[in-house]
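Whole structure, please, built from the sequences with the hints as guidance.
Heads up: the protein sequence lines correspond to chains A and B, in order.
For the first sequence, counting from 1, position 396 maps to 396 in the numbering used here; every step adds exactly one.
For the second sequence, counting from 1, position 90 maps to 90 in the numbering used here; every step adds exactly one.
The hints are simulated quantities; they were obtained by calculation from the structure and are not laboratory data.
A hint or two may mislead.
No distinction is drawn between identical chains; accordingly, a pair holds when it is met within one copy or between any pair of copies.
Unchecked claim - Derived lysine-lysine pairs resembling DSBU-like cross-links, with alpha carbons at most 30 Å apart:
1. 216 <-> 502
2. 346 <-> 502
3. 216 <-> 346
In this text the structure is predicted, and so the values were computed from the model without any measurement.
Below are the chains, spelled out letter by letter.
2 protein chains.
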Amino acid sequence: MRRHPEVVVEPRIDAATSIAEIATRYVFDPPRDDDPVIEFLSPEELAQAFAGVIPIELGDNVPARSAEALASAAELVVRHSVHTSHPRFFNQNFAGPDPVAVIGDWLGAALNTTNATFEAAPVFTLMESALLRKLGRVAGYPVSDEPGSLPPGLFAPGGSSATLYALQLARHRHQPDIVRVGASADRLAIFVSDAGHYAAVKSAALLGIGMDNVIKVAADDEGAMDVTALRAEITTARERGLTPLAVIATAGTTVTSAFDAIDEIADVCDAEELWLHVDGCWGGSALFSSSHRHRLAGVERSDSFVWNLHKMMGVTQQCTALLVRDPGQLGPCFATGADYIFQPDKLHAEFDSGDRHFQCARRVDALKLWLTWQAYGDEGFEARIDHAVAMADHVRHRIRSSDDEFATIVEGDFSNVVFVWVPPELRPFDLDSLAPDHHAALHVLAPRIKGRMQAEGTVMMGYQPVAEINTFRFILNNSNVEPADIDVTLEFISQYATEEWKGV
Amino acid sequence: MRRHPEVVVEPRIDAATSIAEIATRYVFDPPRDDDPVIEFLSPEELAQAFAGVIPIELGDNVPARSAEALASAAELVVRHSVHTSHPRFFNQNFAGPDPVAVIGDWLGAALNTTNATFEAAPVFTLMESALLRKLGRVAGYPVSDEPGSLPPGLFAPGGSSATLYALQLARHRHQPDIVRVGASADRLAIFVSDAGHYAAVKSAALLGIGMDNVIKVAADDEGAMDVTALRAEITTARERGLTPLAVIATAGTTVTSAFDAIDEIADVCDAEELWLHVDGCWGGSALFSSSHRHRLAGVERSDSFVWNLHKMMGVTQQCTALLVRDPGQLGPCFATGADYIFQPDKLHAEFDSGDRHFQCARRVDALKLWLTWQAYGDEGFEARIDHAVAMADHVRHRIRSSDDEFATIVEGDFSNVVFVWVPPELRPFDLDSLAPDHHAALHVLAPRIKGRMQAEGTVMMGYQPVAEINTFRFILNNSNVEPADIDVTLEFISQYATEEWKGV
Numbered sequence: 001m002r003r004h005p006e007v008v009v010e011p012r013i014d015a016a017t018s019i020a021e022i023a024t025r026y027v028f029d030p031p032r033d034d035d036p037v038i039e040f041l042s043p044e045e046l047a048q049a050f051a052g053v054i055p056i057e058l059g060d061n062v063p064a065r066s067a068e069a070l071a072s073a074a075e076l077v078v079r080h081s082v083h084t085s086h087p088r089f090f091n092q093n094f095a096g097p098d099p100v101a102v103i104g105d106w107l108g109a110a111l112n113t114t115n116a117t118f119e120a121a122p123v124f125t126l127m128e129s130a131l132l133r134k135l136g137r138v139a140g141y142p143v144s145d146e147p148g149s150l151p152p153g154l155f156a157p158g159g160s161s162a163t164l165y166a167l168q169l170a171r172h173r174h175q176p177d178i179v180r181v182g183a184s185a186d187r188l189a190i191f192v193s194d195a196g197h198y199a200a201v202k203s204a205a206l207l208g209i210g211m212d213n214v215i216k217v218a219a220d221d222e223g224a225m226d227v228t229a230l231r232a233e234i235t236t237a238r239e240r241g242l243t244p245l246a247v248i249a250t251a252g253t254t255v256t257s258a259f260d261a262i263d264e265i266a267d268v269c270d271a272e273e274l275w276l277h278v279d280g281c282w283g284g285s286a287l288f289s290s291s292h293r294h295r296l297a298g299v300e301r302s303d304s305f306v307w308n309l310h311k312m313m314g315v316t317q318q319c320t321a322l323l324v325r326d327p328g329q330l331g332p333c334f335a336t337g338a339d340y341i342f343q344p345d346k347l348h349a350e351f352d353s354g355d356r357h358f359q360c361a362r363r364v365d366a367l368k369l370w371l372t373w374q375a376y377g378d379e380g381f382e383a384r385i386d387h388a389v390a391m392a393d394h395v396r397h398r399i400r401s402s403d404d405e406f407a408t409i410v411e412g413d414f415s416n417v418v419f420v421w422v423p424p425e426l427r428p429f430d431l432d433s434l435a436p437d438h439h440a441a442l443h444v445l446a447p448r449i450k451g452r453m454q455a456e457g458t459v460m461m462g463y464q465p466v467a468e469i470n471t472f473r474f475i476l477n478n479s480n481v482e483p484a485d486i487d488v489t490l491e492f493i494s495q496y497a498t499e500e501w502k503g504v
Numbered sequence: 001m002r003r004h005p006e007v008v009v010e011p012r013i014d015a016a017t018s019i020a021e022i023a024t025r026y027v028f029d030p031p032r033d034d035d036p037v038i039e040f041l042s043p044e045e046l047a048q049a050f051a052g053v054i055p056i057e058l059g060d061n062v063p064a065r066s067a068e069a070l071a072s073a074a075e076l077v078v079r080h081s082v083h084t085s086h087p088r089f090f091n092q093n094f095a096g097p098d099p100v101a102v103i104g105d106w107l108g109a110a111l112n113t114t115n116a117t118f119e120a121a122p123v124f125t126l127m128e129s130a131l132l133r134k135l136g137r138v139a140g141y142p143v144s145d146e147p148g149s150l151p152p153g154l155f156a157p158g159g160s161s162a163t164l165y166a167l168q169l170a171r172h173r174h175q176p177d178i179v180r181v182g183a184s185a186d187r188l189a190i191f192v193s194d195a196g197h198y199a200a201v202k203s204a205a206l207l208g209i210g211m212d213n214v215i216k217v218a219a220d221d222e223g224a225m226d227v228t229a230l231r232a233e234i235t236t237a238r239e240r241g242l243t244p245l246a247v248i249a250t251a252g253t254t255v256t257s258a259f260d261a262i263d264e265i266a267d268v269c270d271a272e273e274l275w276l277h278v279d280g281c282w283g284g285s286a287l288f289s290s291s292h293r294h295r296l297a298g299v300e301r302s303d304s305f306v307w308n309l310h311k312m313m314g315v316t317q318q319c320t321a322l323l324v325r326d327p328g329q330l331g332p333c334f335a336t337g338a339d340y341i342f343q344p345d346k347l348h349a350e351f352d353s354g355d356r357h358f359q360c361a362r363r364v365d366a367l368k369l370w371l372t373w374q375a376y377g378d379e380g381f382e383a384r385i386d387h388a389v390a391m392a393d394h395v396r397h398r399i400r401s402s403d404d405e406f407a408t409i410v411e412g413d414f415s416n417v418v419f420v421w422v423p424p425e426l427r428p429f430d431l432d433s434l435a436p437d438h439h440a441a442l443h444v445l446a447p448r449i450k451g452r453m454q455a456e457g458t459v460m461m462g463y464q465p466v467a468e469i470n471t472f473r474f475i476l477n478n479s480n481v482e483p484a485d486i487d488v489t490l491e492f493i494s495q496y497a498t499e500e501w502k503g504v
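This is the structure in structure tokens:
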């Protein structure tokens, strides 16, 4: 009966200790200034670099490695990863992880538990509820402070998942028996601007609604939804036999950081009896700033609101809050009442969040946000937003005073600036009168500049086609960025562009 | 234009440093032996404990707190959290986070990036692919080693999400245009044993299939699916006008760690042309042990297979692999081709995993698993499984030789043992001849014992109704557990039960 009584797993404290030193050094002495943003290697070169230490591929017999080899591998990981806290990392809608958030994440990982039940996560359950209530109040949602009342939402593993849950809540309100019997024959339609995030179509596919039934409403040149077009699309959809279900208003589009007119869209949703979901994954954090919260006016009228604190607020991946107007519907929409974990007869069962959620075990995402918020306070959160926009303003200022070397495609007035470098012969830039060969040449220039950035490790910045030209996107959300970092970045782009333009 | 040029966010290095020390101390000197598993406080008491340091609730004006206050709050977090690495924590299907995994998690958090693209996560993209290939080979899946070939799956934020994705893949094979046009009018049916995990019904609700169309197939007393009943249920479903879509075979049920006969179920799926999904969230890791991998015989015939490395393998939350037989379908099922991030014209775009996935930004879950695997090797992984079963065998041995003080309800032969303490007057225990009042009294005993465990902080163990009696579940997956921990745990249960029995 007692097989293998001798089997013992000795914890590898030696390896853990060495790697902890590397991780700690990285957090408190991160790459900056002229340190590379990335020491870029191709997949083949990376494989080769690791081959001499520990091959990345795991063979058919993986041996236990020495602590020295593991530490060397960890050093290689650091060396050839992208330094997202570097002030010249402008590549994603996250950057500059806050040190308190990173360490809060560490403490959560050390305590490794699930946020699904009070018994497994007593402190984190209360922190999560407290954060949801505070976020709800910041958004102007009705929030009950009565002890034991349901918090106005949940934490999700990212914006796409939160969007999925929100649309299911919308569908559940429309058809309350959907959870039991499945979707009715209604062909539902969801409306989002054509500058909105692709989470809408992904969610529609997964829900069985279908991507074709996500109606892309025209956006203006800045990226904000045309609300007149929305009204027309709803009418057209009804005429086509579709059943309009929900409108997604975007608060901070991915490319241009544009804000849809939520209040006006809320009027449409009221009149048409549609669910209003606000995608504030990027721009929701504008609510923290008295100078910028007006951009989300009307969010308090929405039915659901997704807000990624891991984007503008520098909290580590992931920290997504889904706020809902009616938390009483989370249970009916997601509960299954599994009696091995949500035992109704246990102590404090009413605090368990798990049966109001799609997920079962959930990593603790609340602690890092709670500690970060307490470290900086409301004023520090406001400063983070104001700093980001001030830096974006500096970008706009520099481009305007660049003697036409750079031109904005979408200047924006929040965190993002979409722009191109302009070849001398095309200054001042006039997109509309661009000859086809110049258009094509400019389109292929951005990937070449990006290749130089990566190869030399000087800058990381994303590009995307806007008006059918690959354009760079300055996205500001890293509180480590100073005006000089922006200036140097533009100088690098100028240099690479000038050199690469000769070859396109 | 240059508003707020003076806004600067000073990073709170002071607070981060203090909390990092607390987290590091916790990992390398964790609670053990007679340290409490939990210093339990009720929600009200917790609120009070924090009130003197930093209140858990965030008021309308959150001030920036001192480093001292933040460190004190972090100490309180640790003090009143559940110590899941303690050898007397048997409460969940995760326990004993491995120190290398915790520190690997830390390094990933420090490098805070998304695993969606090669450019943002060059090393992690390769590690993730390498891990999926290795896991695929361990499972006996066909895995291509050709450079640049698609890895056989993806990482998901937990077993429920992975199940959701797997069922969508099944539906997509059944109806390839579902992504575009939405679900057809077919009323789909999914089959899972009645001992299977509730992720099946949650996913069916979210997909719009409906919980009622998840057919619960009878399981035997140990918790394994009755395959004859499965065949009958499929026939009945067809007769009722349902379209059978998929069968979920469970490899390691949540309560009794039973394994469905995958090979036999695969025969049924072949004959009926159904998708076979294996839920190996719990028991998939048995594949690492030559003594136990036979329990999953036939998994290599499945279409999809979900495997939580954060359960038996001690990797931190979450680390879930979804393996798929045909990775070529991940793109068609989930892609949207967002051109601001998956630019087709950039370097190494073909390595991006993001457009084969539902999620966009994804936390790096691969690094911690890669480091842990390299630290222990295949043999260390095997030892972890063998140790868990050896400890469960010790539980079974102790219960058998307890002079009828304890009785197994489901003895099992893997990691879990479901049992009750038996009052002296009911020994030897005979469930079938139990008088109704004794039945009722035994049912309320477990929550009382659990309350004592929590109040005294001696043990954490879950209970659930089996045969309408609340029964405790010994679940073994913590490599820190030694036979003496099991012996002491049974002594505590004996003591609490004896004392509480007088009062029920």
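Now for the hints, and whether the structure bears them out:
In this assembly of identical chains, residue 216 and residue 502 lie within 30 Å of each other by CA distance neither inside one copy nor across copies; the values are 39 Å within and 67 Å between. Only between protomers do residue 346 and residue 502 lie at most 30 Å apart by alpha-carbon distance; the minimum there is 19 Å, versus 73 Å within a single protomer. Taking CA atoms no more than 30 Å apart as the test, residue 216 paired with residue 346 passes between copies only; the shortest distance there is 27 Å, against 48 Å inside one copy.
Figure legend: structure checked against the earlier numbered hints; the only hint not met is number 1.
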